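K.L.:
So the chains spell out like this:
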Amino acid sequence: MSALDADVLVVGGGPSGVAAAIELRRQGRRVILLDREPALGGATRHCAHSPFGMLEFGRVYFGAAYGRKLTREAEKAGVDIRTGHSVVELCEDGSVLVTTGPGVEKLTAERILVTTGAREKPRSARLLSGDRPIGVVTTGTLQSYLAFHGLLPFRRPLIVGSELVSLSAVLTCLSHGARPVAMIEPRAHALARAPLAWFPSLMGIPFHRGAEIVDILGRTRVEAVTIRRGGKLKTLDCDGVLLTGQFTPESALFLQSALGVDPGSAGPAVDQQGRSLDPRMFAAGNVLRAVETGGWAFREGRAIGRAIAEDFGREPEDGVPVPVTFDAPIKLVVPNILRRTASAPAFRQFQLRVLRRVRGRLSLELDGREVWQARGLWMPERRILVPIPPDAPQAQNVHFRFREED
Amino acid sequence: MPRQPQTGETYDVAIIGAGVVGCAVARRFSLAGAKVILIEKGADILSGASKANSAILHTGFDAPPGSLELELVRAGRQEYLEIRDSLNLALVTTGAYVCAWNAQEAEKLAGIERQARDNGTTDVVLRSGGEARAAMPSLSDRLVAALEVPGEHIIDPWSAPLAYLTQAVALGARFLRGAELIKGTFDGIWRLETTAGEILADAVVNTAGLYGDVVDTRLGFTPGFRIKPRKGQFVVLDKAAARHVPRIILPVPTEVTKGIVVCPTAFGNVLVGPTAEEQEDRVRATVETQTLEALVARAAEIVPALAGMPVTALYAGLRPASEEKGYRVFVRPDQRAITLGGIRSTGLSSALGLAQHALKLHADFAEPFTPPAQVPDIATPNLAECRERDWQRPDHGEIVCHCELVTRREIEATFSSPVPPGDFGGLRRRTRAGMGRCQGFYCNARLAEMTKGKLATPLAIDTEGGR
Ligand SMILES: Cc1cc2nc3c(=O)[nH]c(=O)nc-3n(C[C@H](O)[C@H](O)[C@H](O)COP(=O)(O)OP(=O)(O)OC[C@H]3O[C@@H](n4cnc5c(N)ncnc54)[C@H](O)[C@@H]3O)c2cc1C
Ligand SMILES: Cc1cc2nc3c(=O)[nH]c(=O)nc-3n(C[C@H](O)[C@H](O)[C@H](O)COP(=O)(O)OP(=O)(O)OC[C@H]3O[C@@H](n4cnc5c(N)ncnc54)[C@H](O)[C@@H]3O)c2cc1C
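Protein sequence lines, in the order shown, are assigned to chains P and C. Under my numbering, think of the first position of the first sequence as -9, with each following residue one higher. Under my numbering, think of the first position of the second sequence as 3, with each following residue one higher.
Worth double-checking, as some hints may not be accurate.
Reference listing, derived: stretches of chain C covered by chain P, where coverage requires no fewer than 3 residues with Cβ under 8 Å from a Cβ of chain P [said to hold, decoys possible]:
#1 18 to 25
#2 238 to 247
#3 277 to 290
#4 311 to 317
#5 394 to 405
#6 437 to 451
Here are the simulated SDA-like pairs of lysine to any residue, each with C-alpha atoms no more than 25 Å apart in a straight line [said to hold, decoys possible]:
#7 Lys96(P) / Gln394(C)
#8 Lys321(P) / Thr225(P)
#9 Lys96(P) / Glu282(C)
#10 Lys321(P) / Thr210(P)
#11 Lys96(P) / Arg245(C)
#12 Lys37(C) / Gly190(C)
#13 Lys454(C) / Gly74(P)
#14 Lys230(C) / Glu282(C)
#15 Lys224(P) / Ser419(C)
#16 Lys230(C) / Lys224(P)
#17 Lys456(C) / Gln236(P)
Think of the hints as simulated: they come from the structure by calculation, not from any bench. For clarity, every value in this text was computed on a predicted model and none was experimentally measured. In this text, a Cβ means the ideal position worked out from N, Cα and C, and glycines have one as well.
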């Protein structure tokens, strides 16, 4: 084999990628950290009002300051940081194809870790009806307008969605002189916990549950939106639509490679070490499943960084993985696969999500034997954690069963 | 050097409407040596029907036999193949399968094959379902039979008209945008009243697409046709879908429409559509959730591997259909006017043919021009995946749009080109910026910054006092 550029290439410099890179350096590995943006920090860079870093650094940082803290820590640890590097392809030979201002290059390493994060679903992927004028954006885009350029895409948006990030959307609007005309959530219940029950109304923004967009109007810029609520149509004048939440992994590199993505999580399938179907490739952070907090992504990156470090010196594990299967209405399970291995796992718990608000009994079966169960009301877009039994990787059949109860 | 406009200057030909047809006509007359002006009411070229189509360069295998449409599709396709190198235009030589999914449809294939041969597309081959699936295993096993049409290709539907106009401009043509024709009067010469002032011209060519009949009325004619827009909605699937769809998959057509097509795009995606929906409105081309869901489902019926494939983009286009199926071409020699109307569903393929035709019609009432001594080649920026993209070349600056890998150099270059973008749609069509799977999550803010003061409708609102 020709000389390697590094022991590990980390693709994506958000909290998970940086945490992994630092951990790998601590374990004595040569690490190149690639990010296509001009600075590290990932999605935290534009979250100007969200506090980050309490758990990992013992104090809070906002937006770009958190990214700078990550950069300092990575530099201190001796990580070779390369921003402005867009990874275009995960190649079959285990290298990555990169394009940068000066041109194209190929980088090789023994292991590759992909930490490319998650993003909100755009209007198109939601198949929303109407014209296609300017002014229909996501929270991340709105925040980028403000944080990086001091611009605003609208002044009177309609906000769609009620996941946690929608609070961020409201705050971002209000603190920059944009006045949302209303907030709508297609489901009968707000998705985030308590604050959403009262927060928008407190701010004087009408909040409609069970309401959906049926038409977006506007030739050049958004002029109005028609919503349907309880069978009634109503047209709201507004100059933008702010689509919040519905996060999806930014897993394009996997989607376009032979590895593909898991149909449930839309991210790469990984085992309990964070290792993908290709034993040289790992993944961590929000690319695995959308969406978790910055602190979660950081800890997950660190754990998987450690697992990769331990993986050195061994032949890449490529035992046939056992898929973790599940019943509807479970949406996803991460890790998605399990491999028989002696190494300590990076994941201590399975992470699950359900597709809709549902009451019932959730259980885990190993080779048909029930090893864990819980009953309750399960909410969409909320994390569900189930301990991974130590003998789970030995099972031939790992299945999450769900029985609905009223 | 492009000619500077002068008041009172009389153009040899004024072309009304910068769709693909108008752009091709501007090029053809400029090549012939005419002094040309192209008038467009929108902020950019391709503001009408031409911004949204399936991007198939048709052979005419299924066109009405003996029709003008057939003749001009064939001529247009032929010329495209001849000039594409000199204009640096892409051609994805996919070929097509006309797929029969049941016995009745299969019975029709023989007739379609005969028609194709009569229409001069002689390289078609009837295939059994098994043969077609051997060549393209991703097709559903419900396939009964197929007609292979090797000559159906995919092109870049935006770069082609841009290249035609750019060449015209290089030959001295003037492109006037934001100029709506309000009224024309003819008294030996044409006086065209537009929202951007009066234009004098010796002859007019009406290429107003969805407004062809309206513009004829404004020119003082009793229009010989009426436009009845027919909407087509599309879904664009993620680039990961492309490996399952190496060819154009056509249905057996009905009387009304060519039907739902699943085909590759020059940009590496897969297109599903279009629908055929009659409407009165000439402006609104909305997409509708239910229809889009049906398209997504249909794609997975045809190619099962497309089930669950993420949707990248949605769009809808309006076909300038009229009350008759064929092209609606009218010449009024006494008023020195030509109307190229009702170019419903094959205009991308036939545009160059229509332009040749218009020049011939013009020669029947006007003196020939003196062709220019030299014809410049045009280095149209390449957006197609089958050729080298800018990101693969050195010193592109940086990637601005990550999903489509659009470089800063490409975006800067398009704004300093002879026909720069006039609106955001125009920028997207010239560079692909913001057209990828994230639809601007990562780059829209950056584009707002980079395009400040350059687009008719800015991405960012005026924030004076807003912060
Ligand atoms: C609008 C919004 C609001 C949020 N609010 C909060 C909040 O209030 N509190 C909270 O805890 N969390 C919040 N989050 C989530 C938090 O930002 C994420 O959990 C965290 O950033 C995830 O880290 P990550 O490392 O997995 O991915 P990211 O932070 O998304 O980082 C991924 C990195 O990968 C890079 N990348 C992607 N593809 C490539 C490629 N092909 N080549 C090179 N580089 C690539 C990107 O440039 C990016 O820097 C919010 C997220 C968003 C979008
Ligand atoms: C859904 C769909 C799929 C298609 N698929 C294909 C395909 O695969 N292959 C193919 O070959 N063809 C295809 N077509 C057909 C093709 O797109 C059309 O035939 C073609 O775009 C018609 O172009 P045009 O120049 O005649 O009209 P337009 O593109 O409508 O151009 C007319 C222009 O005139 C301007 N205008 C109007 N009124 C005025 C005025 N008063 N003053 C100044 N300017 C004015 C408009 O703004 C517009 O820009 C498809 C069409 C649709 C809708």
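K.L.:
Please go over all the hints and tell whether each is borne out by the structure.
P.N.:
Taking the hints in turn, this is what the structure says about them:
With 0 residues having a Cβ less than 8 Å from any Cβ of chain P, the region 18 to 25 of chain C misses the three-residue criterion, and the hint is violated. With 4 residues bearing a CB less than 8 Å from a CB of chain P, the region 238 to 247 of chain C meets the requirement of three and the coverage assertion stands. Counting residues of the region 277 to 290 of chain C whose beta-carbon sits less than 8 Å from any beta-carbon of chain P gives 6, enough to reach three: the coverage restraint holds. Given a C-beta distance limit of less than 8 Å, the hint that chain P covers the region 311 to 317 of chain C holds, as 6 residues qualify and 3 suffice.
Counting residues of the region 394 to 405 of chain C whose CB lies closer than 8 Å to any CB of chain P gives 10, which reaches the minimum of 3, so the coverage claim holds. Look at the region 437 to 451 of chain C against chain P: 11 of its residues bring a Cβ nearer than 8 Å to a Cβ of that chain, three or more, so the hint holds. Straight-line distance between C-alpha atoms of Lys96(P) and Gln394(C) comes to about 12 Å, which keeps the hinted pair within the 25 Å bound. The hinted pair formed by Lys321(P) and Thr225(P) fails the criterion: a straight-line CA distance of about 33 Å is larger than 25 Å.
In summary, the hint linking Lys96(P) to Glu282(C) is not supported, as the alpha carbons are separated by about 54 Å, beyond the 25 Å threshold. Taking the CA atoms of Lys321(P) and Thr210(P), the gap is about 37 Å. The hint is violated against a cut of 25 Å. Of the supplied pair hints, the one linking Lys96(P) and Arg245(C) holds, its CA atoms being roughly 23 Å apart against a limit of 25 Å. A threshold of 25 Å between alpha carbons decides the hint, and for Lys37(C) with Gly190(C) the separation of about 17 Å falls inside it, so the pair holds.
Between Lys454(C) and Gly74(P) the CA atoms are separated by roughly 23 Å; this keeps the pair inside 25 Å, and the hint holds. For the proposed pair Lys230(C) and Glu282(C), the alpha carbon gap of about 6 Å is at most 25 Å, so the pair holds. Between Lys224(P) and Ser419(C), the direct Cα distance comes to roughly 45 Å. Violation of the 25 Å bound is thereby established for this hinted pair. At most 25 Å may separate the alpha-carbon atoms for a hinted pair to count; Lys230(C) and Lys224(P) exceed this at roughly 30 Å.
Taken as a hint, the Lys456(C) and Gln236(P) pair is broken in the structure, with Cα atoms around 33 Å apart against an allowance of 25 Å.
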